[in-house]
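**Q** Can you build the whole structure from these sequences, using the hints too?
Each chain, written out:
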Amino acid sequence: MKLLYFAWVRERVGRAEDEVSPPAGVGTVAELIEWLRGRGPEYAHAFEAGPAIRAAVDRRHARPDASVAGAREVAFFPPMTGG
Amino acid sequence: MKLLYFAWVRERVGRAEDEVSPPAGVGTVAELIEWLRGRGPEYAHAFEAGPAIRAAVDRRHARPDASVAGAREVAFFPPMTGG
Amino acid sequence: MAVRLQEEPFDLGDEVARLTLGRTDAGAVVTFSGICRDRADSGERLVALTLEHYPGMTEEELRRIEAEARGRWALADSLVLHRHGRILPGEPIVLVVTLAAHRKAAFEAAEFLMDYLKTSAPFWKREETAGGGSWVAAKGSDDAAAERWKA
Amino acid sequence: MAVRLQEEPFDLGDEVARLTLGRTDAGAVVTFSGICRDRADSGERLVALTLEHYPGMTEEELRRIEAEARGRWALADSLVLHRHGRILPGEPIVLVVTLAAHRKAAFEAAEFLMDYLKTSAPFWKREETAGGGSWVAAKGSDDAAAERWKA
Numbered sequence: 001m002k003l004l005y006f007a008w009v010r011e012r013v014g015r016a017e018d019e020v021s022p023p024a025g026v027g028t029v030a031e032l033i034e035w036l037r038g039r040g041p042e043y044a045h046a047f048e049a050g051p052a053i054r055a056a057v058d059r060r061h062a063r064p065d066a067s068v069a070g071a072r073e074v075a076f077f078p079p080m081t082g083g
Numbered sequence: 001m002k003l004l005y006f007a008w009v010r011e012r013v014g015r016a017e018d019e020v021s022p023p024a025g026v027g028t029v030a031e032l033i034e035w036l037r038g039r040g041p042e043y044a045h046a047f048e049a050g051p052a053i054r055a056a057v058d059r060r061h062a063r064p065d066a067s068v069a070g071a072r073e074v075a076f077f078p079p080m081t082g083g
Numbered sequence: 001m002a003v004r005l006q007e008e009p010f011d012l013g014d015e016v017a018r019l020t021l022g023r024t025d026a027g028a029v030v031t032f033s034g035i036c037r038d039r040a041d042s043g044e045r046l047v048a049l050t051l052e053h054y055p056g057m058t059e060e061e062l063r064r065i066e067a068e069a070r071g072r073w074a075l076a077d078s079l080v081l082h083r084h085g086r087i088l089p090g091e092p093i094v095l096v097v098t099l100a101a102h103r104k105a106a107f108e109a110a111e112f113l114m115d116y117l118k119t120s121a122p123f124w125k126r127e128e129t130a131g132g133g134s135w136v137a138a139k140g141s142d143d144a145a146a147e148r149w150k151a
Numbered sequence: 001m002a003v004r005l006q007e008e009p010f011d012l013g014d015e016v017a018r019l020t021l022g023r024t025d026a027g028a029v030v031t032f033s034g035i036c037r038d039r040a041d042s043g044e045r046l047v048a049l050t051l052e053h054y055p056g057m058t059e060e061e062l063r064r065i066e067a068e069a070r071g072r073w074a075l076a077d078s079l080v081l082h083r084h085g086r087i088l089p090g091e092p093i094v095l096v097v098t099l100a101a102h103r104k105a106a107f108e109a110a111e112f113l114m115d116y117l118k119t120s121a122p123f124w125k126r127e128e129t130a131g132g133g134s135w136v137a138a139k140g141s142d143d144a145a146a147e148r149w150k151a
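Sequence order for the protein chains is V, L, Z and U. Numbering (my numbering) for the first sequence: 1 to 83. Numbering (my numbering) for the second sequence: 1 to 83. Numbering (my numbering) for the third sequence: 1 to 151. Numbering (my numbering) for the fourth sequence: 1 to 151.
One or more of the hints may lead you astray.
Calculated pairs, DSS-like style, for lysine-lysine (alpha carbon to alpha carbon, straight line, at most 27 Å) [claimed, not checked]:
hint: 1; chain 1: Z; residue 1: Lys150; chain 2: U; residue 2: Lys104
hint: 2; chain 1: Z; residue 1: Lys104; chain 2: U; residue 2: Lys104
hint: 3; chain 1: Z; residue 1: Lys150; chain 2: U; residue 2: Lys150
hint: 4; chain 1: Z; residue 1: Lys139; chain 2: Z; residue 2: Lys150
hint: 5; chain 1: Z; residue 1: Lys104; chain 2: U; residue 2: Lys139
hint: 6; chain 1: Z; residue 1: Lys139; chain 2: U; residue 2: Lys104
hint: 7; chain 1: U; residue 1: Lys139; chain 2: U; residue 2: Lys150
hint: 8; chain 1: Z; residue 1: Lys139; chain 2: U; residue 2: Lys139
So, partial list: chain Z residues that the calculated Cβ filter (under 8 Å) puts toward chain U [stated by the list, open to error]:
hint: 9; residue: Glu7
hint: 10; residue: Pro9
hint: 11; residue: Asp11
hint: 12; residue: Arg23
hint: 13; residue: Gly85
hint: 14; residue: Val136
For the record, the hints were derived by calculation from the structure and aren't laboratory data. This structure is a prediction, so every number in the text was calculated from the model and none was measured. For glycine and all other residues, C-beta sits at the position ideal for the given N, C-alpha and C.
**A** Shown next as structure tokens:
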């Protein structure tokens with residue numbers, strides 16, 4: 001599974017992407033975030049904002065309870081500020 | 001008092017303007033219209049639409065009960081269709 | 001802040017460029033262009049529109065409408081430009097431009113200006129078709145659109 | 001019907017001319033231009049904005065937003081154009097153009113497109129000031145503006 005980070009999530013994690021294989025218990029966006037927070041202080045810092053962080057699964061906006069099963073690409077980012 | 005006519009009001013009256021001196025009893029837009037209807041068949045035809053005709057007194061939109069006392073210019077026209 | 005009445009066509013890009021040149025305080029620019037369509041209200045093919053207006057009152061009314069919009073919204077600038085005379089299908093009839101710090105004011109003011117232009121500026125459209133010509137009837141929907149700003 | 005993502009500035013007049021050329025069926029053209037202002041949200045003088053986006057998803061999301069607008073309103077055509085990269089004060093950031101037979105659809109669709117762009121297209125603005133830089137915080141008013149279309 002490819003993970004992408006944008007804006008200040010990217011800056012806090014310290015890289016733009018990761019390739020990961022989460023354990024079987026990680027089935028949702030929220031569970032993936034929880035698992036990432038245990039990967040190191042930079043992840044804990046990046047994801048401490050909790051609900052303020054948005055996610056997209058395979059390039060579609062996804063809520064915390066959305067499934068990540070079979071996803072090829074999961075992205076994490078702050079609320080959008082375009083337009 | 002100068003009277004101006006626009007669009008189909010002008011076409012029905014057959015001219016774009018008139019110079020008139022209405023009698024003392026004509027104090028409002030509605031009374032002026034009533035008086036004009038008696039001036040001839042072209043006026044009767046132009047003003048038969050009654051409430052569909054709008055007026056401006058000295059270049060400001062005016063309701064039927066608006067005063068025409070002292071007015072220099074009164075205009076009559078159909079509802080506007082610009083924009 | 002300007003109103004203009006003219007017979008000649010205008011260019012949207014030029015008008016907006018003139019209003020925005022060198023400005024860095026207006027984050028939102030909304031434009032409305034009204035274009036002459038190729039169909040009369042009857043459905044017949046339209047040859048041309050002729051816009052009659054009330055010289056003298058028209059300019060005053062456009063200024064009143066623009067002043068009203070600027071009293072209601074914090075606009076950085078605005079333009080109301082209306083043509084009169086003969087207008088061919090595809091040509092522009094009217095242009096409204098609003099500049100504001102944020103989009104809500106710019107959108108609302110542009111809609112307000114158009115609703116008031118339609119119902120209060122002394123213009124009358126005559127449609128010319130192969131079968132002759134006729135004055136366009138005012139639309140109840142335009143009165144309703146203008147009414148909403150009075151609430 | 002088009003969406004475009006580009007680094008280069010664009011010209012409003014050129015874009016609208018391309019959409020309207022030879023058309024005589026759309027009586028209403030609304031444009032919204034978002035311009036880079038000279039002040040950061042903090043009030044400091046802004047040196048530049050940098051717009052980061054999510055390549056791949058951005059294009060898909062712009063297309064989804066435009067398709068949603070075209071499902072809700074009878075648009076003759078539409079354009080959504082968004083820049084990314086470094087943008088200087090006074091430069092345009094985003095352009096939305098809507099063409100419709102009448103003004104109500106054109107205005108509503110343009111507002112809808114902007115509200116959705118603000119809250120759903122994956123762009124993030126970073127403000128560069130003399131004192132450094134910071135990511136722009138999302139505005140609750142933008143979420144509220146987008147919510148109204150769900151009623």
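**Q** Now look at each hint and say whether the structure bears it out.
**A** Okay, the hints, checked on the actual structure:
no.: 1; hint: Lys150/Z <-> Lys104/U; verdict: 18 Å, holds
no.: 2; hint: Lys104/Z <-> Lys104/U; verdict: 16 Å, holds
no.: 3; hint: Lys150/Z <-> Lys150/U; verdict: 26 Å, holds
no.: 4; hint: Lys139/Z <-> Lys150/Z; verdict: 18 Å, holds
no.: 5; hint: Lys104/Z <-> Lys139/U; verdict: 13 Å, holds
no.: 6; hint: Lys139/Z <-> Lys104/U; verdict: 13 Å, holds
no.: 7; hint: Lys139/U <-> Lys150/U; verdict: 18 Å, holds
no.: 8; hint: Lys139/Z <-> Lys139/U; verdict: 39 Å, violated
no.: 9; hint: Glu7; verdict: 20 Å, violated
no.: 10; hint: Pro9; verdict: 12 Å, violated
no.: 11; hint: Asp11; verdict: 7 Å, holds
no.: 12; hint: Arg23; verdict: 7 Å, holds
no.: 13; hint: Gly85; verdict: 18 Å, violated
no.: 14; hint: Val136; verdict: 12 Å, violated
This entry does not satisfy hints 8, 9, 10, 13 and 14, going by the numbered hints stated previously.
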